[in-house]
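> For the protein sequence lines, the chains are L and G, in the order given.
Under my numbering, the residue at position 666 of the first sequence is numbered 666, and the numbers go up by one with no gaps.
Under my numbering, the residue at position 692 of the second sequence is numbered 1472, and the numbers go up by one with no gaps.
Computed Cβ-Cβ distance ranges for the label pairs, DEER-style:
1) L:D697 to G:E1347: 49 to 59 angstroms
2) G:P854 to L:I645: 56 to 66 angstroms
3) G:T1374 to L:E567: 41 to 51 angstroms
4) G:E1347 to L:I578: 33 to 43 angstroms
Simulated from the structure, these hints should not be mistaken for lab results.
We put the CB at the ideal spot given by N, CA and C, even for glycine.
2 protein chains.
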Amino acid sequence: MSNFKSIGKDTKKIDALSLATGQPMFVDDVSFPDTLQIKLLYSPHAHAIIEDIDTSEAEKYPGVKMVLTYKNTPHVPHTTAGQGWPEPSPYDTWMFNEKVKFVGDRVAAVAAETEEQAAEALKLIKVKYKVLPAILDPEDAMKDGAPVIHDEPWITGAYNPKKNLAAHIDIRVGDVEKGFKESDVVVEETFETQYAQHTPIEPHVTITYLDEYSRLVIRTSTQVPFHVRRIVAQALQIPVQKIRVIKPRIGGGFGTKQEIILEEICSFVTLKTGRPARILYTREEEFISARTRHPFKVKVKIGAKKDGMLHAISLYALSNTGAYGTHGLTVASNAGSKTLPLYNKAENVEFVSDIVYTNMPVAGAYRGYGATQGYAALEQAIDMVAEKLGMDPWELRKKNHIKAGETSPIFRALGEGREGVTQYIQSCALDELLEKGAKEIGWLEKYGRPKRNGSKVRGVGMSIHMQGSGIPLIDMGAATLKMNEDGSFNLLYGGTDIGTGLDTVAAQIVAETLGIKPDQVIVYASDTDLTPFDVGAYASSGTFVSGGAVLKAALKVREQILEVAREKFGEADSKDYILEDGKVISPKSGKSITLSEIAYDTLYVKNQHQIGAAGSFVSPYSPPPFAVHFVEIEVDEETGEIKPIKYVAAVDCGVPINPNLVKGQIIGALVNGIGYALTEEYHFTSSGRMTNPNFMDYKIPSTRDLPEIKVILAETYEPTGPYGAKSVAEININGPIPAIGNALHDALGIRLHRSPYTPERVLEAIRKSKEKKLEPVDPE
Amino acid sequence: MSNFKSIGKDTKKIDALSLATGQPMFVDDVSFPDTLQIKLLYSPHAHAIIEDIDTSEAEKYPGVKMVLTYKNTPHVPHTTAGQGWPEPSPYDTWMFNEKVKFVGDRVAAVAAETEEQAAEALKLIKVKYKVLPAILDPEDAMKDGAPVIHDEPWITGAYNPKKNLAAHIDIRVGDVEKGFKESDVVVEETFETQYAQHTPIEPHVTITYLDEYSRLVIRTSTQVPFHVRRIVAQALQIPVQKIRVIKPRIGGGFGTKQEIILEEICSFVTLKTGRPARILYTREEEFISARTRHPFKVKVKIGAKKDGMLHAISLYALSNTGAYGTHGLTVASNAGSKTLPLYNKAENVEFVSDIVYTNMPVAGAYRGYGATQGYAALEQAIDMVAEKLGMDPWELRKKNHIKAGETSPIFRALGEGREGVTQYIQSCALDELLEKGAKEIGWLEKYGRPKRNGSKVRGVGMSIHMQGSGIPLIDMGAATLKMNEDGSFNLLYGGTDIGTGLDTVAAQIVAETLGIKPDQVIVYASDTDLTPFDVGAYASSGTFVSGGAVLKAALKVREQILEVAREKFGEADSKDYILEDGKVISPKSGKSITLSEIAYDTLYVKNQHQIGAAGSFVSPYSPPPFAVHFVEIEVDEETGEIKPIKYVAAVDCGVPINPNLVKGQIIGALVNGIGYALTEEYHFTSSGRMTNPNFMDYKIPSTRDLPEIKVILAETYEPTGPYGAKSVAEININGPIPAIGNALHDALGIRLHRSPYTPERVLEAIRKSKEKKLEPVDPE
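Could you put the whole structure together from the sequences, leaning on the hints where they help?
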């Protein structure tokens, strides 16, 4: 590994200078003079039938080109979740529906010459609603006789006895009931997580236009260009060949850009009018009408033996998917599949989940993707088991975590359904991370010894995590590479850099393989016409899957280069050539040739061909990255405020292709998770309307809210990943809720069962704890 | 062949609708608000040293951003000819030179905010010239003691005893002197062809800008995007990786767009200022400063036996390349290599050429590429041989032309220099064409029987021709193809459609191979970043070379599709599947599956990969197309005007992939050739200044100048070409001069030795012929 020339180096992001100097490269940086501006009208009711809608006045408003409602748009049931095919999501959405299902559901759209005209015209649309009883709570949705939100027969069919079930999961290994009976201690707790938002800097934005061949071009802020193409084609019933999707630089995804929510409306307007069209969400629209994180209620039950070995685990997740199903099934599934294998010593494991519709905002993909909600419960329950056993939770975790060479009951169960492919762990640095992280935070000195300074008390907490690297046997990437006369290369690949630096990582992989500099790789990506297929950026798949495809193409090119060099050097069987500094070197004979010479020779002189190759990658495995989080907090008993002092994220993501970008991902996810743990939360009226859709009332962390953050990277090598890499995009969002929750317990002996840990909730818990002494209390 | 579904069908050009509706797609349809407009200052002298140049006033002019001269631009010798590497052209050009070498040579350029400002500022540049003796005639250039035009040592070196030689060719097979002695009749004649221009509807135009990564983008009207990239990189001394060349739709090439004449200046301004820059030639600039056809003086000597068999041919071409060498060598080479093999029965053959510099406009690549000038002489001399033998020239040609299965002395000589690869003719329909064409024009009834009507006399003439299909072992094309969910395909290929319809031909080749419709192929081409390498559009290479590459990629994709179908059908060894209407059909079992089903299955369900492949093509052969031309003219003895009445072009271009486009190419070339034969000509002052640089004074044919044109396509199949195709782009420009010249002789018994055949020259020849009786007369 120490021989790497490009891998493991902090290459500057290939778009760093452009971004820093404000070059026009985002979706909304492109403008056409005749663009129609689209504004949307949203339902003020959580559940209602549109009995009548009168758009005549709006249509007459100056500048208005068209008004869209359910009356004049295609009724094609589809999903907004760009995940794959066959779709794991229910087909419960169409462009406009006469039944609205949450406050923020779409009622109509106006396309006009200016945004102002569109906004004014919206006010002239007269809608007569028949308001229906609304379900705002997922437990209510499960009750017999509850109003049915989706009455489409393919959703409420015989297989769905609870009519508001969007999906259901049931995985059982061993015998948990017996397991609990055999256990010496059993902990059973319920934890709730809240509605929260991705809040990308760049909201959803789409610009559509017809190219000179009258093909529809969708320039959009998306994580999944190829899924956008497929789903828009489906929703509008046109062939994919008529659509080109381009993702330029985009201002963050975090999962919400895996949802296709604006593209179909914008495309429809362009196809109907022949004119460019644009929708740019306001921040308020982003909050009320885009996607959120699924709120979960997780009941976790853990049985352990006296020696600290876990023996049985049951996890039940009630997931609120809101008004539409989208990612409901797969998000909930990760609450079990990305958490329970971590404690693989327990052979009796059960994971059950109900994913229910409510008349609430629509939840979708969100970094962490269910694992975050699962860990919020699991990793606090683990601390409670340790407490019951009288063990240090750090020791308990050291005893029970999965190790290299091992599989887990859940992996085995999942493997059965996947043509017998079972995940075995090939790289796992948890032991190293546990040691280094504990040392960094001062665990042995601090844990169990809260430090008081006036009303302020310090405590430490920890949690451990795994995630995946793409979805095995589903996530697929592809790349093509061609060589130019100066020994530079054009890389066309399907990968989707959503600000993560994936394009830079791809360039580094090529550079390492071919002995050149990363800036000699010209990267073009995320264009459905021009790049090969790739599922897109989600499930922490970028480096592992898309990068894996890039490596495959680069290795083929390397072989072609070596073949030319062997012939040039007259060394037919040589296998030990070195590629570096743009040259092929034969260490034995001392001969060398530049890549530029090879390129000129093959392009123009010998054989007349361009050195180049295509590679594609799909893996039966999804090697998990691992993370160990330690946090020291200071909680003020008088104000209830929790202030994180120091956060240690010790991470095993395999070989970090670009350590600086890896740290960016880790810190970004941590900040995201700290906001989720402490402040970020949707507030609703009793009729389901969000009351804080803005950054004044919905608090995301700023730099002054953040602790000192220390990142520790493990020295590992994942043999199934490109140059030893695993993923790192999501895992670190999982830690802050349980680690801070555990630290709060360390400091004050209280435990909150609902996030975020706001001063109000902390104060309430302190009050109840004083009333009830040391019994753990849930303030809600 | 009758089974073809797409090949041989008149598919509408894929850009037809866009072109007809004026969609923005040409170079100059893209504009940036901050574009710098560039105007050029040209030398008023044919040969001079710039002793001093003062740009200070120009630089102060409002709106002027920069003024370029030889003082502040790179001095990197290169060639403007985009041909290949190693360059066959002398490195005799740089951006600006202190020595100017023709009237129209570049002296300076101004980049300003508006074109008007740039033009005004040009007038403020003060240039002090030291005027040198100029060489305006190529024979003067060869004289001892002639002024040396290029004094660069690598041009005037020891190998160049005649200091103004740009190149020299000498090919000899057998013994021509002996051959002439053994002949019963010998004809020796000299024919001269004139300066003429390509006159593309769209003049040269280039727009350059920096993309968001500060890479230089050159959007240009070119036939050779990859050569533009390489040569601009060389001229500006930057790596090719910093350059992207895009050719959008362009308004004609005809060879002049194979010259890189604006790109380097425009690029330099953009690199220096960071701003977009644009140069659009006026028609006058196009005439005086772009490229022309090489004027030739061809001495041809033919010896024949009494039985009509040709026995020895000698052809000497003196080519005037003007002030720079560019395509001089290769154009002259084609005057022999594309003409003499046609008469392969003569075993004693000699082809010698001198390509000389003069202080005249720069000649470059021009449709026909030397063959036109060669045939102007050869095919009139053949008629004169027939006359001497008392034979019908049609009979003489039937006896002597090359046939399928044969090679020729010149092919053998060329093959020796090319690693022993000798061209054998695999398809040749000359016999069929000679019969059908003669019948269509009424040859046997009309030849030798001129028909008089007052002062107007009708006569018939003919000529026969071959050309090539790309340059063997040099021209190379490549393509990649990928399959979408709806069974459509993205084709990325390097080919360069310069208005010919090549992109449509490529789509038809894919469609035929995969059993789909051509509009299911989404074609993207001519972008050095995104498409694979291709040498570009010249040498009639499009269909044969680029199309050949497309076929290779399509055949690989077909095999992948069949593989999936075999597995689906459970018919492992089946080889007889039919691909049609977007389906794979097993005739034996009756099973079928759509390409869309196969695409969904491979992309999402099975193996997770995208069906797709890359193909590249280079051929050791350049199968010649053949053409037989017959023309009936009416010449007015009083006015001297020649009016073509009917023109028959009988053409063997192999299988016509798209007969309509083939006819377009044939008629387009004919019209081009008729203009060259009758009216198109540069006029010069005695100091080398062109006096007619506009369409009022330089007459190109309009529809009312044209005869009835009858196209006959042979039924042939070229086994080395895609679906039996050969090329058709150039060959038909070669006929009009000799065919009309022969018809003039048939009508009036006179023969002009210099084109074009203007009324003045015809009248002069009539006058001299009356003086000297029937002896052939050259009026000049």
